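Trainee: Chain residues, written in single-letter form:
There are 2 protein chains.
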Amino acid sequence: MGAVNPVDAVATGTAVDRVDRVPKQDRSRATRQRLLEAAVACLAEHGWAGSTVAVVAERAGVSRGAAQHHFPTREDLFTAAVEYVAEERSTALRALFPQGAAGDRRAVVAALVDLYTGPLFRAALHLWVAASNEDQLRPRVTELEARVGRETHRIAVDLLAADETRPGARETVQGLLDMARGLGLANLLTDDGPRRERVVAQWADLLDAALG
Amino acid sequence: MGAVNPVDAVATGTAVDRVDRVPKQDRSRATRQRLLEAAVACLAEHGWAGSTVAVVAERAGVSRGAAQHHFPTREDLFTAAVEYVAEERSTALRALFPQGAAGDRRAVVAALVDLYTGPLFRAALHLWVAASNEDQLRPRVTELEARVGRETHRIAVDLLAADETRPGARETVQGLLDMARGLGLANLLTDDGPRRERVVAQWADLLDAALG
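For the protein sequence lines, the chains are A and B, in the order given.
Residue 111 in full-length UniProt numbering sits at position 111 of the first sequence, with consecutive numbering throughout.
Residue 147 in full-length UniProt numbering sits at position 147 of the second sequence, with consecutive numbering throughout.
Take the hints with a grain of salt, since some may be wrong.
Unchecked claim - Rough simulated footprint, nothing fancy, chain A against chain B, three-plus residues with beta-carbon under 8 Å:
id: 1; region: 40-53
id: 2; region: 119-133
id: 3; region: 177-188
id: 4; region: 191-199
Simulated from the structure, these hints should not be mistaken for lab results.
Predicted, not measured: the structure shown is a model, and the values here were computed from it.
Idealized CB from N, CA, C, for every residue including glycine.
Produce the entire structure from the sequences given, and follow the hints as far as they go.
Mentor: Written as structure tokens, this is what we have:
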């Protein structure tokens, strides 16, 4: 474990490089993450029209050049941002039920619906709606939405212990996620929390009975 | 019913005025209607950022002055447009089942979901999302959404013959309309028709059982 011989290191191209590079990579990763989080917050608050790379860079405390090094285009930045936060949320959702949901489907339904009421959903909604009118954005957002949708479905099926070989089980779970998305939309302009809680409680019961 | 005596008419202030006014009112109503329909189409196709009174007036073949006579502000025009089309759709929905739905809840669920997949939903979605970031628009759209939502709920309860005195019945219907809204959103970027049909069939069955 002695000191690295600089000459050997240069010869193999590893050790000294690595010593130099690791903190740089860390810094770079931290910058990237700050940009992604600022992008989601910006999209949620100001919508697509008010969200540019420059605005996000300033919010993240990163130079515009550094932001453009990570994300050459506006589309790159915002699709990456929604994807990043969606992945974080999926991880957090799985972490809520580390031993599985132990049959508490009501808790799972509530947690799934929560995915659609925060700043991530708001940001994704702005991106979807913008993509419906912007040719440059549409294919990327369509692809992203499909990927995130599949992953959310997979998590929901797992946590709800839904047996997808049973007729109707797959559509039951899909309809629940559609309902969750609709509840997110209903929450856009007003705080729909109290009504949402009652709807979620009722639909969780219907779901529980349907999934057996 | 002899000719109106002009002198009498002037004296009472009715007959001649009315003769003059009726076609003018008709023209005015037709102009207003053309503007409203053009506004919804414009919003659905180009989003809020691309929707101005001038663009709509041109699309409707109406002078900008005439458009501004009917709708002094952009907000007036677009909230009125979404409201007008929502009313038209409610009327059309009721007309689909003139004798009530005769217990065919699957047909009612399909018709309700259809409300959320056409240009009206797309236009309303653009308006909602714009309202979430625009202070001038937010209170009007919030109020409009609440009104349209109540009316849709009332129609759904009627057509589904849901007994709202039964515990959970109200929330069952609300959740269905939330699901329909979420299905509308899922249809924004891609044609989600085949998947939607399966989800609707499954949830119509669950709903039918739940409502008794």
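Trainee: How about the region 40-53 of chain B: do at least three of its residues have a C-beta closer than 8 Å to a C-beta of chain A?
Mentor: Holds: 5 residues of the region 40-53 of chain B have a Cβ under 8 Å from chain A.
Trainee: Just to make sure I understand the rule, a stretch counts as covered if three or more of its residues have a C-beta closer than 8 Å to a C-beta of the chain. Does the region 119-133 of chain B meet that for chain A?
Mentor: holds (count 9)
Trainee: If you count the residues of the region 191-199 of chain B with a beta-carbon closer than 8 Å to a beta-carbon of chain A, do you get 3 or more?
Mentor: Since three or more residues must qualify, the claim that chain A covers the region 191-199 of chain B holds, with 3 doing so at under 8 Å.
Trainee: Test coverage of the region 177-188 of chain B by chain A using CB-CB distances below 8 Å; three residues minimum.
Mentor: holds (count 11)
Consistency note: the structure conflicts with none of the earlier hints.
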